[in-house]
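S.K.: Chain by chain, the residues:
4 protein chains.
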Amino acid sequence: MVDIEVIAVGGYNEVGRNMTAVRVGKEIVIFDIGLYLDPITGNNNVDMENMHSLDLIQMGAIPDDTVMNSVEGTVKAIVCTHGHLDHIGAIQKLAHRYNCPIISTPYTNELIKQQIEGERKFSVMNKTFALKAGGKYTISQNLTLEFVRVQHSIIDSVMAVLHTPVGCVVYANDFKFDMTPVIGEAPDLARMREIGKEGVKVLIVESLNLDDRGYSPSEQVARLRVRDAIMRCEDDKNAIIVSTFASQIARIKTITECAREIDRIPVLLGRSMERYNTTAEILKQVAFPQGTSIYGNRKTTDRMLRRVLKEGKDKFLLVATGHQGEPGSMLSRIALGETPLKIERGDKVMFSANIIPNPTNYAQRAEVDRLLMRQGARIFDGLHVTGHAYYQEHYDLLSMLNPEHIIPSHGPFAMKGGYVALGSEFGYTLNKEVHIMQNGDRLVLPK
Amino acid sequence: MVDIEVIAVGGYNEVGRNMTAVRVGKEIVIFDIGLYLDPITGNNNVDMENMHSLDLIQMGAIPDDTVMNSVEGTVKAIVCTHGHLDHIGAIQKLAHRYNCPIISTPYTNELIKQQIEGERKFSVMNKTFALKAGGKYTISQNLTLEFVRVQHSIIDSVMAVLHTPVGCVVYANDFKFDMTPVIGEAPDLARMREIGKEGVKVLIVESLNLDDRGYSPSEQVARLRVRDAIMRCEDDKNAIIVSTFASQIARIKTITECAREIDRIPVLLGRSMERYNTTAEILKQVAFPQGTSIYGNRKTTDRMLRRVLKEGKDKFLLVATGHQGEPGSMLSRIALGETPLKIERGDKVMFSANIIPNPTNYAQRAEVDRLLMRQGARIFDGLHVTGHAYYQEHYDLLSMLNPEHIIPSHGPFAMKGGYVALGSEFGYTLNKEVHIMQNGDRLVLPK
Amino acid sequence: MVDIEVIAVGGYNEVGRNMTAVRVGKEIVIFDIGLYLDPITGNNNVDMENMHSLDLIQMGAIPDDTVMNSVEGTVKAIVCTHGHLDHIGAIQKLAHRYNCPIISTPYTNELIKQQIEGERKFSVMNKTFALKAGGKYTISQNLTLEFVRVQHSIIDSVMAVLHTPVGCVVYANDFKFDMTPVIGEAPDLARMREIGKEGVKVLIVESLNLDDRGYSPSEQVARLRVRDAIMRCEDDKNAIIVSTFASQIARIKTITECAREIDRIPVLLGRSMERYNTTAEILKQVAFPQGTSIYGNRKTTDRMLRRVLKEGKDKFLLVATGHQGEPGSMLSRIALGETPLKIERGDKVMFSANIIPNPTNYAQRAEVDRLLMRQGARIFDGLHVTGHAYYQEHYDLLSMLNPEHIIPSHGPFAMKGGYVALGSEFGYTLNKEVHIMQNGDRLVLPK
Amino acid sequence: MVDIEVIAVGGYNEVGRNMTAVRVGKEIVIFDIGLYLDPITGNNNVDMENMHSLDLIQMGAIPDDTVMNSVEGTVKAIVCTHGHLDHIGAIQKLAHRYNCPIISTPYTNELIKQQIEGERKFSVMNKTFALKAGGKYTISQNLTLEFVRVQHSIIDSVMAVLHTPVGCVVYANDFKFDMTPVIGEAPDLARMREIGKEGVKVLIVESLNLDDRGYSPSEQVARLRVRDAIMRCEDDKNAIIVSTFASQIARIKTITECAREIDRIPVLLGRSMERYNTTAEILKQVAFPQGTSIYGNRKTTDRMLRRVLKEGKDKFLLVATGHQGEPGSMLSRIALGETPLKIERGDKVMFSANIIPNPTNYAQRAEVDRLLMRQGARIFDGLHVTGHAYYQEHYDLLSMLNPEHIIPSHGPFAMKGGYVALGSEFGYTLNKEVHIMQNGDRLVLPK
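Chains as they are written, first to last, in the numbering used here: chain A, 6 to 452; chain B, 6 to 452; chain C, 6 to 452; chain D, 6 to 452.
Keep in mind that a hint or two might mislead.
Which copy is meant is left open, because identical chains are indistinguishable; a pair holds if it fits in one copy or across any two.
Below, simulated DSBU-like cross-link-like pairs (lysine-lysine); rule was C-alpha separation at most 35 Å, straight line [to be verified]:
#1 Lys-452 - Lys-31
#2 Lys-242 - Lys-202
#3 Lys-452 - Lys-320
#4 Lys-347 - Lys-242
Don't read these hints as lab results, they were simulated from the structure.
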């Protein structure tokens, strides 16, 4: 019988640069190769596109996959569960070391291809393969990959299930069980229950929100709140600027639809807005209301803003990058008066995003808020819901999958305590069935 | 021309025991006579029904209305804007000192009458008068009272507007601008705008949530979250217990309706559940789904719980008191094993309430949670929204009313800082138009 | 060669009920048998003295030592490192199950004997043996116990070192490296370095304050702050009441000496004050200034307080129990007006203690503070330092001992994260050399 | 009889840019003209030395003294109580508008002169006058200024007392009642009591630390902690770098003395280190141990660091700027590897400073800490005490001065709540005797 080994490459000491390798006998599958932004955020001189992977590893910005050198086996596939940077953002730096295809859902696949195209240092020749949620992919005689539909704060997210001769390996990063999503269908719990019955050898699972009791709020809650805030502006003459994650396509759909409801033209502004949303549109994963326009670069965005000034702020609703106060983002530039649009008293700036907890983000957002408020802007905050499951969703997950082993991932040591507590509710014991790993650790599962 | 004096009797140093008197010439109107629970919560020996008002004043539990002795004028009316205890809970102790009617909305009026009936120390002979939201009441030649519809965490809440020869006195405790409420209609903003045009001399206004930016979430958000949590239990065999504020009729309506959707019989348990909800039903302000039953005292609740055991936990959904961990409440008794219902692994306890911030509440709730979890209960928390307006709702309020003077109320000194900041956005100056008062203070408004 | 197994009996999921067993071949040594107060604090009906150990285990109040039934070997000794209840407080309930002596420092030994005498349910026949800091005790041919001097918030605290044929087992609960203590000598770092050179197989070590960077403040800091607060009262006519941990003998020595400096008679009040301090005096481990008196029971304390009233509050300085707001403590009784001493405006109440983090303590202390302040007392808070080492003291410890294995103890899972991080600074790897255990876990150390 | 008017120019909405004017009849005295760093910190492009005051006013960085235009009277003196930038840092931008001398203590006076010399935009011709603590200065027939000795986190700090025909105006920004200071004598409480008896018309007083109960810790506590941390390094071979406020002369004295105790040469590094400490030395207000050297500019500091490398890190103790992670500071440069000194494993970096609460500071310090720790540095934090009085020191202040009126200053609205509460303990009433002012407010004191 083949043995299974889990190699915790990245994302086990931090929230970011996720990468987990699973060896089944002599065959290896890699899940996610992501980026960790923190070591880069505070550092203005990083030119990532031209940097060597070893330097980025040394900075702590990408997974240290040198551990893979000592793992005996052949990497057969790289699998990405969704398109966030902390899951795909280092592919262009590391994938070329592995002679294997990169498998992901269609939307994720497009983002990965763009990632690879933008790379300046390495040429990445891996094939990319788009596997739909619900689909299966035969990796080898022994290994079949299956994508099970979940929900997350980006479209086309899946739970990856690796069928092996000794049971399933379930990689559940990142997910929430949103039963009333805004885009796509609810997570496929029925399939999860079946997989649970087939037998799960090990569950590798995020551990971000275990401290939050209950279920995470549905995207419908964000929709309700965003809609409420926008609908009250029906008679407003002021500007409305909404900032949200560029990759949060469902949210942006909501925002653009609400814009139309109050007869404003939705305009998406900013480079990442353009990239994520145009890609989603092309793949027909979202349809924005007619008249929605998207502008990415400084020239086109500023031209659009001049048009806004000319035709009237009350004719448009702007969806802009910059919710983390990122220097150079649309909102930062607006706050600093670097665009044609000047903030006036009563203009509304809505944040449909949380601040990603990190001192630099707090500082940059505080500065943007201060500048906006000085100019008379009205700030609306908190029109957001998380994309990560809460405690009771993980409870349901364990109930359905009934795994033999659990490896909490995606976060530092302390965060995993939630899974130790949850596991103990089901009779799992730390170190026997619940395994706490750190970056670089390897664990051969007991048979 | 008559002068206007505002007397801050209670609720200006704390969140509780609200009472404000407004003297217009020789005539006085009192707004609210409420209770402050904190000095009582930590003290097991308080038998409030039999206590003298002076002792309760000395404890700090009810407003110190001895300041009224020195105010020259006649109290013409006591006006209550809604039925929460911090607004009506000391009426039975103080109203008899004033020879005047007590005016409130129909639901509030019933609660006040019950309050008076339960009193053992004083006999309160004041007439009570039910004035509907939107209605007017002529207090005297000079004074007319108007109730403007708002929303709050209890039904039948209003903003009180006192029309005087020198402009309106607006008493806005407590409210939120929920534009998509679950019971009743949205706040009457049109009327507020009119009143603003007629001229508002002074706005007396709560200042609880000014630190929260944006708009407060609609009750629809709570509905969505409660419904989501309950709907997921469709195939559960476990008990479902939901605890919420007994006076939160809209929430209880939501809960009972969701119970029916998953074919469970809703049962309301606990003395205050019975009082608030039966009263609302009798007044036809709410209609619970058919089959909903309500039990108040220990004998009937425990008999009901025996029936639950017999017929199956999965046949019922229990709505229970005890979200603050109050000793003697339904949930505390269940947690302690003092009822026929025993908690088993997988039973769900949902809290559709926040913990009212106070060390005793935190301690008591922590103990209830600990006991429930030891017995295997699954805790769902945070299925709740506030009943108090956020910063931007107050911004809208000021925009509509355009008052000459602002007196932030309902909270200690520091809480009022939000109104100083907000006021300054509109050009109001501290001490000139924004007045910070403390319990016992009197302020004659500049003409 | 003998093998070493560590059994995590209690204190690995919580801060409290510490108990660790170490099996060396066929011989077992137990370190600490402590109490966990939290499950008892919130529960008024616990009569611990008359309770059976199995009931206390079921409540979670004492270590669940049933795991010991399956450990093959003979318990040769119970070793306690200091006299706090979370280390010795369950001896009277569990020690009789083991036919072996209880070894501890002289002061700890006296407290253990009192503990056993007060027991009503079990008769504990174990011999007790007092071993001085710096001393050794031959447990068996293979095992020798050594006590190395440390400092902690109670006098006569040691680090226990078990010399075995395969290296030392170091049990370091609880300690700080206070190099300028108020009572006793500084920790014996020289001996620790020697032990490190002899070879440490495993270090079992508290993990409470790893989040605090630097070194913990010396008791001299507390002395400075207490002295400063008291010396400023030189000309005061008001009462001075200082509340501190009854077992914090060094602090009480400081307080009583400062009392004398401003010509006040120090009076210790409260049952635990009497127990811990009289014991320390009898053992000559402390000498309080002449004239210091101690009263334990209600009759004598209240008689003393009447004398204070008669002779003048400014003649005395009272050292009282009650810093956690415990019901029935001296300070609670004073706050409630249940003693002859009435608080008047300007009376000073000084807290030379932290609030032990727990919702019940916060609630009870808040209520005592509220009552005292209502009566005009001036509250002085924070005249305290911790008894537990900070991050850099643990760094020094690792530098000196250079252990093969590390087992962080004394706290829940998340708290141990500090030791994972610290360990990684020294090249220790999680699960290989740093072992995270939970109550009931057993670990045979790799050879 | 003359009337007294207080004009709150700056520092009443924020902690920074302090400036208060007091008009006594036709004569005006200005207290402090300070800088507010927050609007500048987040903004890299500010070249303050060349900026116009009106632009700095518009940014919110310096007091908006245009309010002074409408005050009828002649400014007779500018008085500064100590040399921190939030009290003297805008003198060079605003003082030239007033034809009067600038009076301050000798050390403060030197700093002001340097401030003026560095100015590039305005030429400031005001005379500066050094008045020692305890001294008096006759401003006019009606007005005499007196400096009463206090303690603060910079040497030569005083409370300013303006004797007027209708009583004293006491300006108490900033102070603590450190009765056991490290440099200088304890505050002159005896003189304060006398002034209280002479009669205090109004007390203008900081309100920063009212939430902290008890007394603020003495500088001796910081000394104890710094000394403890340094003394433990006696046998270390590693670098020791201590960062503290450059103006905290007493702390730096402590650090340099401790360096000598372990036979290391103290070296002060950084521009502000040089400025504040050389000035203090020249004025003979401090004597550093023999051999202490100070280097300000990049060339000399880096030359010194090369010498450190050559002669051995263990021969020196470096006192460096950069505790707030300021870009360009010594510590930031060291952390970034921009100096000859490379951090190695075990090098110690001690922070004898708090992080000034502000998102930018938190972010910058976090980044410096991260960089240092990556290189193996050991971080020691919290070796610091505040320079601002706690609640009970303010209690003592009120007891001694017994002022007719109180104006809390130096902080935003909410911070002043502490003085409302404290005042009420003495029978002061909000708006009657305790006055809450905002920037730009004017208050004529009732007679």
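S.K.: For each hint, tell me whether it holds in the structure or not.
M.R.: Structure-based check of all given hints:
no.	hint	result
1	Lys-452 - Lys-31	both (16 Å within a copy, 30 Å between copies)
2	Lys-242 - Lys-202	between (58 Å within a copy, 20 Å between copies)
3	Lys-452 - Lys-320	neither (65 Å within a copy, 43 Å between copies)
4	Lys-347 - Lys-242	within (14 Å within a copy, 58 Å between copies)
Hint violations for this structure: number 3 only, all remaining hints satisfied.
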